[in-house]
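Trainee: Letter by letter, the chains look like this.
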Amino acid sequence: MLLELRDIHKSFGEKKVLTGVSFKAESGKAFGLLGRNGAGKTTSIRILMDVFPANSGEVLLDGKPIDYKKVGIGYLPEERGLYPKKKIIDQLIYFAQLKGMKTPDAVKSIDQWLTRLGMTEYRNKRLDTLSKGNQQKIQLVTALAHDPEIVILDEPFSGLDPVNAMLLKDVVKEEIAKGKIVLFSSHQMSYIEEFCDSIAIINKGVVALTGDLYDIKREYPRDKLAIRSTQREKIAAAFPGKTSVAENGELILKLSDPGEKMAVMQRLSREFDIDEVRVFEPSLNDIFVEYAGEQE
Amino acid sequence: MGQFSKIFKFELKGYLTNKVFVGVTAFIMVVLAVVLFFPRVADFFGGDDEPDDPGTVEPGERDVMLVKGGDESVRAALQEAFPDYEVRLEDGDIQTPVTQGEAECAVELRSLSDFTYYVDNLSMYDTNADTVSGVLTELYRLTAMTEAGVSPERAQEIMSTFTQYEVQSLGVDQGQNFFYTYIMIFALYMVILLYGQMVATNVATEKSSRAMEVLVTSARPNAMMFGKVMASCLAGFTQLVCIFGSALLFYKLNESYWAGVGIMGMFFDMPVALLVYMLVFFILGFLIYAFLYGAIGSTASKLEDINTSVMPVTMIFIAGFMVVVMAMTSGSVDNPLMVACSYIPFTSPMAMFTRIAMSHPAAYEIAISIAILAASCVGVGVVAAKIYRVGVLLYGASPKLKDILKAVKNA
Chain A
1 MLLELRDIHK
11 SFGEKKVLTG
21 VSFKAESGKA
31 FGLLGRNGAG
41 KTTSIRILMD
51 VFPANSGEVL
61 LDGKPIDYKK
71 VGIGYLPEER
81 GLYPKKKIID
91 QLIYFAQLKG
101 MKTPDAVKSI
111 DQWLTRLGMT
121 EYRNKRLDTL
131 SKGNQQKIQL
141 VTALAHDPEI
151 VILDEPFSGL
161 DPVNAMLLKD
171 VVKEEIAKGK
181 IVLFSSHQMS
191 YIEEFCDSIA
201 IINKGVVALT
211 GDLYDIKREY
221 PRDKLAIRST
231 QREKIAAAFP
241 GKTSVAENGE
251 LILKLSDPGE
261 KMAVMQRLSR
271 EFDIDEVRVF
281 EPSLNDIFVE
291 YAGEQE
Chain B
297 MGQFSKIFKF
307 ELKGYLTNKV
317 FVGVTAFIMV
327 VLAVVLFFPR
337 VADFFGGDDE
347 PDDPGTVEPG
357 ERDVMLVKGG
367 DESVRAALQE
377 AFPDYEVRLE
387 DGDIQTPVTQ
397 GEAECAVELR
407 SLSDFTYYVD
417 NLSMYDTNAD
427 TVSGVLTELY
437 RLTAMTEAGV
447 SPERAQEIMS
457 TFTQYEVQSL
467 GVDQGQNFFY
477 TYIMIFALYM
487 VILLYGQMVA
497 TNVATEKSSR
507 AMEVLVTSAR
517 PNAMMFGKVM
527 ASCLAGFTQL
537 VCIFGSALLF
547 YKLNESYWAG
557 VGIMGMFFDM
567 PVALLVYMLV
577 FFILGFLIYA
587 FLYGAIGSTA
597 SKLEDINTSV
607 MPVTMIFIAG
617 FMVVVMAMTS
627 GSVDNPLMVA
637 CSYIPFTSPM
647 AMFTRIAMSH
657 PAAYEIAISI
667 AILAASCVGV
677 GVVAAKIYRV
687 GVLLYGASPK
697 LKDILKAVKN
707 A
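Chains A and B, in that order, are what the protein sequence lines are. For the first sequence, my numbering assigns the number 1 to the initial residue and increments by one for each residue that follows. For the second sequence, my numbering assigns the number 297 to the initial residue and increments by one for each residue that follows.
Simulated from the structure, these hints should not be mistaken for lab results. Please read these numbers as outputs of a predicted model, since none were measured by experiment. Any given hint could turn out to be false.
Heads up, simulated DSS-like pairs for lysine-lysine below, C-alpha to C-alpha not over 27 Å straight-line [said to hold, decoys possible]:
id, chain 1, residue 1, chain 2, residue 2
1, A, K102, A, K70
2, B, K315, A, K70
3, A, K86, A, K29
4, A, K15, A, K204
5, B, K698, A, K125
6, A, K169, A, K132
7, B, K315, A, K69
8, A, K24, A, K217
9, A, K87, B, K309
10, A, K85, B, K305
11, B, K315, A, K86
12, A, K16, B, K315
13, A, K29, A, K242
14, B, K309, A, K85
15, A, K86, B, K698
16, A, K234, B, K364
17, A, K69, B, K682
18, A, K108, A, K69
19, A, K86, B, K364
20, A, K15, B, K315
21, A, K85, B, K315
22, B, K682, A, K125
23, A, K70, A, K15
24, A, K132, B, K682
25, A, K102, B, K305
26, B, K598, A, K85
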């Protein structure tokens, strides 16, 4: 399956929220939707889930307009919360029913998920008696119990301890392996880098960058060198205005042209005491900051 | 339809398993049972208890009424009119004993036709001055007639003659209908306010607990809104049926014990047609307000905001209630204001129902009123659903009415 948002425009009153947003997510792979707060991620997700219509543009599944009656979507919202005063099993059944499940099937599936997440002891408890992390696991059941083809997880790892984060990682990997379309939205770039094959960075309602993460990294201009050396000041003085210091203490040297690479590397190793020099490959964090950061 | 029925069931179950809801209903039913079974129980246990005779109170225990400026005949006449008081003649200061609590009240006569009544704190229900006035007037007339040569017996006879009459109502007996109309209007008022607030709180709770985030992606807003409102309507209706049904049942079981108490019969001898009207106005009135409350609830992001947000609607409703109750107590239920109110959808459930119960509006008037109400109900429902759609996704400060309308237009 291929899920595609094509040229989505949306404004609330005078305020334009999305301008021509397009991206594609494939089944069996995870897709990362990135953007700063207020960039338009949640609006994109809501249009994708048909909470409200776009002003123009299409949501397509395998090239045809998506039929929400046939395609199941599971959603873990960033703002978590269910009914605090109601019994967990009751509300899980309710949400599964709203997604179109029959009660016996719902109960069966919910019990499987509660077992998988180690939550069976809380089955008949009220939600507000649970810790925040456990409430989040319950919320994950509402997103997955009806076995949806499309799974949308908004900041799934926030608020989880390392053990639960590991459990969630496994669950997500299983869902991807089952051939589902998994859509991630997160600020924690390390998780996106770990899971996602392709990404879209939304900035101020516009897709600033989209595509295969590996390709993006490959295509990133290879015009910077990362240098580890004890003589950073000397090097910086030798290349005035072209260097900066990365967070890990490496010196980043921007080349005027990628073709200079070999010449500069040779010069560096000849003139300075160099521990390591290599072509700088940006992390997703760097890419994100570059595309979504500066334009404030 | 599928989602609607699931939401409806879930919400209804929420009400019916709510401990407060069940507790309050059960409590009222128990109170009704206690009250309505009371004469039977009292009869069973205390059948041979002698009732207290008010005349056996010792003189020393009675309140004192002081009289200044009158003679023994005045004192005797007043003593006869006030058996609960010890009436004493007093020549000195009569105000101080009253303020110091030694006497309950005092009467200072300047003549038989002119007096001042003194009492420490004047109660709303103090009619002593009127009684004194009556006694003195009679005394004055008797004296005057005797002085004019009429024999005392003849004078007494003239004074005690009253014109005999009887009343036959050819329309509705407002006196009799007043009680159950009042009870029904009050029930309507309570149920609409209580459940309206509950719907608003319910929606706002879903929003503030963020359950809404998942709900909006799982169900259509229309199904959510209508499911909730209908469930609360049925819950409210169930509660009313439980309360009124149990009252009726308990009354019927004990009817013979209540035979002497006319007011009980007035409550329960309700015409069936009126019950049907009650049902119609209850359902339509409930729905129109519940839609409004639901829409308002959807625009609040915090529960604390609810009280201020619902104020305008509650005000309209209370104003309608006041108009109706005032018209009822004044007896002129067909006054122009009531006629106008009986066509305005937000007041017609109470106003028209009152007019039907206590007067006889033409059939076409009733039909028009119900038609307007039903049409408005649909209209308000549609608009409320739109506001709800937009409102449930708005967070932050409560949006202004202008913003909501704008958003609704764009939705």
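Trainee: Are any of the numbered hints broken by this structure? If so, which, sorted upward?
Mentor: 2, 3, 5, 7, 12, 13, 15, 16, 19, 20, 22, 23 and 24
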